[in-house]
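If you read the sequences in order, they're chains A and C. Sequence positions in the first sequence follow my numbering and run 1 to 150. Sequence positions in the second sequence follow my numbering and run 151 to 213.
Be aware that one or more of the hints could be misleading.
[Stated by the list, open to error] Once the Cα atoms are required to be at most 35 Å apart in a straight line, the calculated DSBU-like pairs of lysine-lysine come out as: (1) C/Lys199 <-> A/Lys53; (2) A/Lys73 <-> C/Lys199; (3) C/Lys199 <-> C/Lys155.
[What the hints assert, rightly or not] To give an idea of the interface, some chain A residues facing chain C are shown, with a C-beta separation under 8 Å as derived from the structure: (4) Ile34; (5) Asp35; (6) Val58; (7) Phe92; (8) Ser108; (9) Asn113; (10) Arg129; (11) Cys130; (12) Gly150.
[Unchecked claim] Stretches of chain A that chain C covers, calculated by requiring three or more beta carbons in the stretch to come under 8 Å of a beta carbon on chain C: (13) 93-101; (14) 133-142.
Since the hints were derived computationally from the structure, they do not count as laboratory data. Glycine is no exception: its CB is placed at the ideal position from the N, C-alpha and C atoms.
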Amino acid sequence: MMDSNDRDYTNGEITVFWRPAKCIHATTCYKELIDVFNPRKRPWVNMEGAPTKRIIEVVEKCPTQALYWRYNKDLSADPAYQPKPKEETETFTEIKVMKDGPLLLKGSFRVLNPDGSELKTMRLTSLCRCGSSRNMPFCDGNHRITGFSG
Amino acid sequence: MEKDKALFEIVENGPLKVTGPFKLTGSDGKSIETDKEIFLCRCGHSSAKPFCDGSHRTKGFAG
């Protein structure tokens, strides 16, 4: 039975499947291999923390199949297999108000024109706040010439 | 996913509407607590900067 808390982790060679509903907290995984299985971290499985061979050894000691593994090459051959999305931490776009200057946007975001079309932006984008840019909606540095304050 | 990204919408001749996951920092470097949806001044005339106060209408801002 699939569960929304289920997670898949891969290092490109193998995938480790985590089925928390089956876990009885035997603690074998993290006592044996804290560099890979660290319940205090998110994501709690770090597939870069040990060689594949060592990860397989420890996963196979799991008494309940809460952890199990497959080779990726076998998975890709299985049409029933759907990779689960990565565990993502919410990413906030930083908006910084620059003194007497523009808005600085940093992160992964979208900017839409009044007509709904999407503007091409960089991960770091400055938008005009002074009203006198000749390259709206972007900042062109004109705030310095007009003496914008705010 | 697209809907997990912050969205900046340019309001014609008006402010910048911001929704989605964002954090706002003022020009003094301090973070500003905001609603989930905010309107930031683009015309330069707001008395409530960085927020919009509707001054773009009286000032005839175009952009």
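Going down the list of hints, with the structure as the test:
| no. | hint | result |
| --- | --- | --- |
| 1 | C/Lys199 <-> A/Lys53 | 58 Å, violated |
| 2 | A/Lys73 <-> C/Lys199 | 56 Å, violated |
| 3 | C/Lys199 <-> C/Lys155 | 24 Å, holds |
| 4 | Ile34 | 31 Å, violated |
| 5 | Asp35 | 30 Å, violated |
| 6 | Val58 | 33 Å, violated |
| 7 | Phe92 | 5 Å, holds |
| 8 | Ser108 | 5 Å, holds |
| 9 | Asn113 | 6 Å, holds |
| 10 | Arg129 | 6 Å, holds |
| 11 | Cys130 | 4 Å, holds |
| 12 | Gly150 | 4 Å, holds |
| 13 | 93-101 | holds (count 8) |
| 14 | 133-142 | holds (count 3) |
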